[in-house]
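S.K.: Sequence:
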Amino acid sequence: MAKGARRPAAAADVELAIIEAAMRLAVEKGWRRVALADIALAADRPLADLYDRFPSKSAILGAVSRHADLAVVRGGDPAEDAGERPRDRLFDVVMRRLEYLRPWRAGLAAIARDLRGDPLAGIAALPNFRRSLGWMLEAAGQDTAGLRGAVRLKAFGAIYLATVSTWMGDESPDLTATMARLDRALRRVDGWTSLFGGDSPQAPADAAAQ
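Each step along the sequence shown adds one to the number in the UniProt record's numbering, with nothing skipped, and position 116 is 116.
These are computed hints drawn from the structure, not numbers from a lab.
From a predicted model like this one, the values you see are computed outputs, not experimental measurements.
Where is the CB? At the ideal position from N, CA and C, for every residue including glycine.
Hints may be right or wrong, so weigh each one.
To be verified - The following label-pair restraints were derived from C-beta to C-beta distances:
| no. | residue 1 | residue 2 | range |
| --- | --- | --- | --- |
| 1 | Glu80 | Gly30 | 39 to 47 Å |
| 2 | Gly30 | Pro127 | 43 to 51 Å |
| 3 | Tyr51 | Leu161 | 30 to 38 Å |
| 4 | Ala145 | Leu41 | 43 to 51 Å |
| 5 | Asp143 | Arg66 | 32 to 40 Å |
| 6 | Val73 | Asp38 | 39 to 47 Å |
| 7 | Gly30 | Leu70 | 39 to 47 Å |
Work out the full structure: start from the sequences and follow the hints.
M.R.: Have a look at this one:
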């Protein structure tokens with residue numbers, strides 16, 4: 001190898017290095033003030049590495065979501081979990097995802113604070129969000145097709161967002177507050193519907209908020 005040449009790195013390692021740098025900078029500078037060039041510098045990678053993998057900061061967030069999706073589907077087996085109650089399977093799936101994301105929680109919280117007033121960023125993230133909800137439901141053995149699947153996605157989305165809002169501020173080692181919020185929301189939904197098939201359009205949000 002020529003003197004000064006960069007040793008090739010595995011594609012997955014490069015991607016994770018970029019994600020980790022982005023999360024650090026989100027905490028240090030605020031997501032709105034972070035440029036792609038800043039992320040490349042913090043990750044000790046050439047800007048071309050970002051160009052190849054992430055054409056935008058939203059694409060980095062999409063990669064975070066995909067990594068979490070993969071952790072969810074690799075971590076369980078719907079066939080083996082078939083004997084468990086749907087509520088318990090959903091609980092396990094959500095906590096599996098949040099445990100995977102835990103090292104990046106501070107960065108994700110900083111990004112969420114910055115994006116609350118940015119509707120375009122919210123719209124851009126919507127496909128990733130719906131995809132992740134679908135994979136979590138599928139990993140829990142729940143069908144997402146058709147009208148019933150759409151109702152499940154809506155209800156589960158409200159529950160997941162409410163749980164994440166608690167998780168972002170939960171400093172307990174075992175995520176006690178997060179688990180309590182999730183369990184409470186799932187039990188309420190379980191009380192008025194047969195696995196997210198309730199008739200009331202307000203029920204998903206109401207169950208998550210309480």
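S.K.: A range of 39 to 47 Å was offered for this pair. Does it hold for the Cβ distance of Gly30 and Leu70?
M.R.: Given a distance of about 28 Å, which is not inside 39 to 47 Å, the answer is violated.
S.K.: 30 to 38 Å was suggested as the range; check whether the CB atoms of Tyr51 and Leu161 agree with it.
M.R.: Holds - the Cβ-Cβ distance for Tyr51 and Leu161, about 32 Å, lies within 30 to 38 Å.
S.K.: Does 39 to 47 Å hold as the CB distance between Val73 and Asp38, or does it fail?
M.R.: violated (32 Å)
S.K.: Between Glu80 and Gly30, does the beta-carbon spacing fit 39 to 47 Å?
M.R.: holds (43 Å)
S.K.: I want to verify a distance hint. Is the separation of the beta carbons of Gly30 and Pro127 within 43 to 51 Å?
M.R.: The hint (43 to 51 Å, Cβ to Cβ) is violated, given that Gly30 and Pro127 are roughly 25 Å apart.
S.K.: So the hint says 43 to 51 Å: do the beta-carbon atoms of Ala145 and Leu41 match that?
M.R.: holds (45 Å)
S.K.: Does the Cβ distance between Asp143 and Arg66 fall inside 32 to 40 Å?
M.R.: Violated, at about 22 Å.
Checked against the numbered hints given earlier, this structure breaks hints 2, 5, 6 and 7; the rest are met.
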